[in-house]
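Participant: Listed in order, the protein sequences are those of chains A and B. So for the first sequence, this note's numbering puts the first residue at 12; every next one is plus one. So for the second sequence, this note's numbering puts the first residue at 12; every next one is plus one.
Worth flagging that the hints you see were computed from the coordinates, not collected in a lab. Please note that the accuracy of each hint is not assured.
Just so you know, same-sequence chains aren't split out, so a pair can sit in one copy or run between any two.
What the hints assert, rightly or not - Calculated lysine-lysine pairs in the DSSO-like style (CA-CA distance at most 30 Å, straight line):
(1) K230 / K334
(2) K99 / K82
(3) K233 / K99
(4) K230 / K99
(5) K99 / K334
(6) K332 / K82
(7) K334 / K324
(8) K99 / K332
(9) K230 / K332
(10) K324 / K99
2 protein chains.
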Amino acid sequence: MRTSLAKSGLHALVATLAITLEQARHSEAFAYVDQPDGGVPKMANNALNKINAPRSSSPAPLLPDSETLQKLATFADRLADAAREEIKPYWRQGRGVLGQQIKVEEDRSVFQSASPVTLADRAAERAMRDLIMEIYPEHGIYGEEYGIKDADADWVWCVGIWVLDPIDGTRSFITGKPLFGTLISLLHKGTPVIGIIDQCVLNERWLGIAGEESTLNGKPIKTDGVFTLSDAEMYSTTPDMFQHGDALTKFDAMRGAVRTPHYGADCYAYALVASGFGADVVVEADLGLYDYCALVPVVEGAGGVISDWTGEKLTLSNHEKSKGRVLASANPSLHRQALDILNTQSVPSDDILGALSGITSQRQNSNGIPSLICGIMLGEFIAQFGQ
Amino acid sequence: MRTSLAKSGLHALVATLAITLEQARHSEAFAYVDQPDGGVPKMANNALNKINAPRSSSPAPLLPDSETLQKLATFADRLADAAREEIKPYWRQGRGVLGQQIKVEEDRSVFQSASPVTLADRAAERAMRDLIMEIYPEHGIYGEEYGIKDADADWVWCVGIWVLDPIDGTRSFITGKPLFGTLISLLHKGTPVIGIIDQCVLNERWLGIAGEESTLNGKPIKTDGVFTLSDAEMYSTTPDMFQHGDALTKFDAMRGAVRTPHYGADCYAYALVASGFGADVVVEADLGLYDYCALVPVVEGAGGVISDWTGEKLTLSNHEKSKGRVLASANPSLHRQALDILNTQSVPSDDILGALSGITSQRQNSNGIPSLICGIMLGEFIAQFGQ
Chain A
12 MRTSLAKSGL HALVATLAIT LEQARHSEAF AYVDQPDGGV PKMANNALNK INAPRSSSPA
72 PLLPDSETLQ KLATFADRLA DAAREEIKPY WRQGRGVLGQ QIKVEEDRSV FQSASPVTLA
132 DRAAERAMRD LIMEIYPEHG IYGEEYGIKD ADADWVWCVG IWVLDPIDGT RSFITGKPLF
192 GTLISLLHKG TPVIGIIDQC VLNERWLGIA GEESTLNGKP IKTDGVFTLS DAEMYSTTPD
252 MFQHGDALTK FDAMRGAVRT PHYGADCYAY ALVASGFGAD VVVEADLGLY DYCALVPVVE
312 GAGGVISDWT GEKLTLSNHE KSKGRVLASA NPSLHRQALD ILNTQSVPSD DILGALSGIT
372 SQRQNSNGIP SLICGIMLGE FIAQFGQ
Chain B
12 MRTSLAKSGL HALVATLAIT LEQARHSEAF AYVDQPDGGV PKMANNALNK INAPRSSSPA
72 PLLPDSETLQ KLATFADRLA DAAREEIKPY WRQGRGVLGQ QIKVEEDRSV FQSASPVTLA
132 DRAAERAMRD LIMEIYPEHG IYGEEYGIKD ADADWVWCVG IWVLDPIDGT RSFITGKPLF
192 GTLISLLHKG TPVIGIIDQC VLNERWLGIA GEESTLNGKP IKTDGVFTLS DAEMYSTTPD
252 MFQHGDALTK FDAMRGAVRT PHYGADCYAY ALVASGFGAD VVVEADLGLY DYCALVPVVE
312 GAGGVISDWT GEKLTLSNHE KSKGRVLASA NPSLHRQALD ILNTQSVPSD DILGALSGIT
372 SQRQNSNGIP SLICGIMLGE FIAQFGQ
């Protein structure tokens, strides 16, 4: 499929997906239904168990029922197990194993350009995709390594799509720092409803399910943040993720407003906030969908707040507008204070040019598909067809 | 003793230590001798087993023999065990336990001002000091929390002093990030000859002994770095540790020269380089003696190179000159390239003022002793009395 996608090129891909989406808008709902073989739910055209008809235009889409979500979460757990199995053999194997075969994504922005795609990364995504295709063949998949699945198949992302980042924090991984994570999320009508942050070396797995308490290794967790931003411990993966101009100005304001800025934790920082271990805020920029979708249910289900820098929810439909800028806080009060800071900073004029150059830049992903195109494409879908 | 030190004031303290040092210069060597009770070596005035007479002025001091070092390393291991026992109960206990009792060191530099002193930190240092005072009552101790031990006692730092940092990376610790470490080192005539980096949550202990292979949990380790700086993965705890002026200019040059700058690992970064896990270089500034002494034997014993930014060895006598600026590399070639970068950058004129203000600033440590004084004092000793 990757080969045919690569051959078809951007325009054909956009056209195909556009038709698929248009069909979905006018079809009956795709719904999660129980499979006869063992209770794992399956999405099918002939909906036995309707969840949310696409014709109803409620502002917040109805969630799948709790039982369905639990079953999907159990399946997400299987995905995380599968990823662990693939990743752990490569951990701390040194350059002899990994270095020769690392491919650097040259064409992405400064922050992203050095993110190597490891063998572990690919093997883990492959394993997760295989499982999804086996158990939920109609589900969509959007993974960091292999891009979007089956553009010409009869699935629609608006009902169910798995968004996967097998190794978030490859830079940590390749230097032996055990703070990377496997990110697994299920979007329901573009909203993350299940999220897993899995740290396979430390045997720590955070699970968030919309409407449920988040857990760490099965035990409920709760944020425990300060209530004043000046007392807050703030995380960002690296200051280099904030490009000159607007993002850097805003980040600098945040850095000056908190008690201590911390660096170097990737997705693990959100897990620390959710767990109430002493981290209060995470502010990041330049993230892909796969970098943040899984974080949403985990943070929210622990009592935290997560949004883009304008306070908008992190959904597929908001992705392009959010520009991958994510803010997570231990409580609503902190979040409001942080949003105040992020939205009262002046925007240097060079930002517009920066944003434009960001939108037009592309990178070749591992299979030759310009994967930024996927992000733009999905944004275009939203713009054209709405929810 | 801390009370009497606090009362005596700076001048009396300097005078007392100066006399102690002067006595040491003219006495016979203080040497490590076996104790009758079980083979742990002990330093005594009546040296039975002379190691290095202070009258001999060899440029590189002779090391204690291998057997003595091994015994001291076994004792260092006990210290690390004792620290673990004190630290682990406080790990991830949240603000309810720790936050109320955290003391912020307000008067230190920007980077250091937010370093909280946790209960765990103090308990661990206390436990280690107690053990040293029990087994090696004549040994000197310089710890981050409780400062210098027994300024009026009959010990001299030039033969044996334990330099302790119970929790390097308190900022990681209080946010639940398991990358802090307990640092334990023994200086022999001002040179680190034993070093331990202990990560008590991950059960990882790195041990370095001068002239021996370094180990991780008892297994030999070896660096495995690239040989070209532009391919290197570089760590620094935070960019905020590089103050404006010379340090920041040099750091920026390094950041531009390597493949990827990484952040947020404290002492753990040096352990990653030593272990050959994929990290190549660490560059840091504004470190205290207790922040780096333990790293030296670990990095060197793994085939790496560690020095200050001018290439000078990290010793007590060089501490003031080194300004706490540390560079560690996986191999000599990388180190040379990094030194070239660090020594060809221009020094902005404001650096001189910055350096002066750094020297004159003081902080009150936990027991009321201005502990920067210790650093200055030791520097003054060196300047006055040489080796």
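Participant: Next, verify each hint and record whether it holds.
Facilitator: Status of each hint after checking the structure:
For the homomeric pair K230 and K334, neither the shortest alpha-carbon distance inside one copy (33 Å) nor that between copies (46 Å) is at most 30 Å. For a Cα distance limit of 30 Å, the shortest separation of K99 from K82 inside one copy, 26 Å, qualifies, whereas the shortest one across copies, 36 Å, does not. For the homomeric pair K233 and K99, the shortest alpha-carbon distances inside one copy (29 Å) and between copies (21 Å) are both at most 30 Å. Proximity of K230 to K99 under the C-alpha cut-off of 30 Å is found in both arrangements, the shortest distances being 24 Å within a copy and 20 Å between copies.
Taking the shortest Cα distances, K99 and K334 never come within 30 Å of each other, neither inside one copy (32 Å) nor across copies (40 Å). Taking identical chains as interchangeable, the C-alpha atoms of K332 and K82 are never at most 30 Å apart, the minima being 32 Å within one chain and 63 Å between chains. Taking identical chains as interchangeable, the C-alpha atoms of K334 and K324 lie at most 30 Å apart only when both belong to the same chain, with a minimum of 12 Å there against 47 Å between chains. For the identical chains of this complex, K99 and K332 are neighbours neither inside a copy (36 Å) nor across copies (44 Å), given an alpha-carbon limit of 30 Å.
Taking identical chains as interchangeable, the C-alpha atoms of K230 and K332 are never at most 30 Å apart, the minima being 35 Å within one chain and 51 Å between chains. Taking identical chains as interchangeable, the C-alpha atoms of K324 and K99 are never at most 30 Å apart, the minima being 34 Å within one chain and 38 Å between chains.
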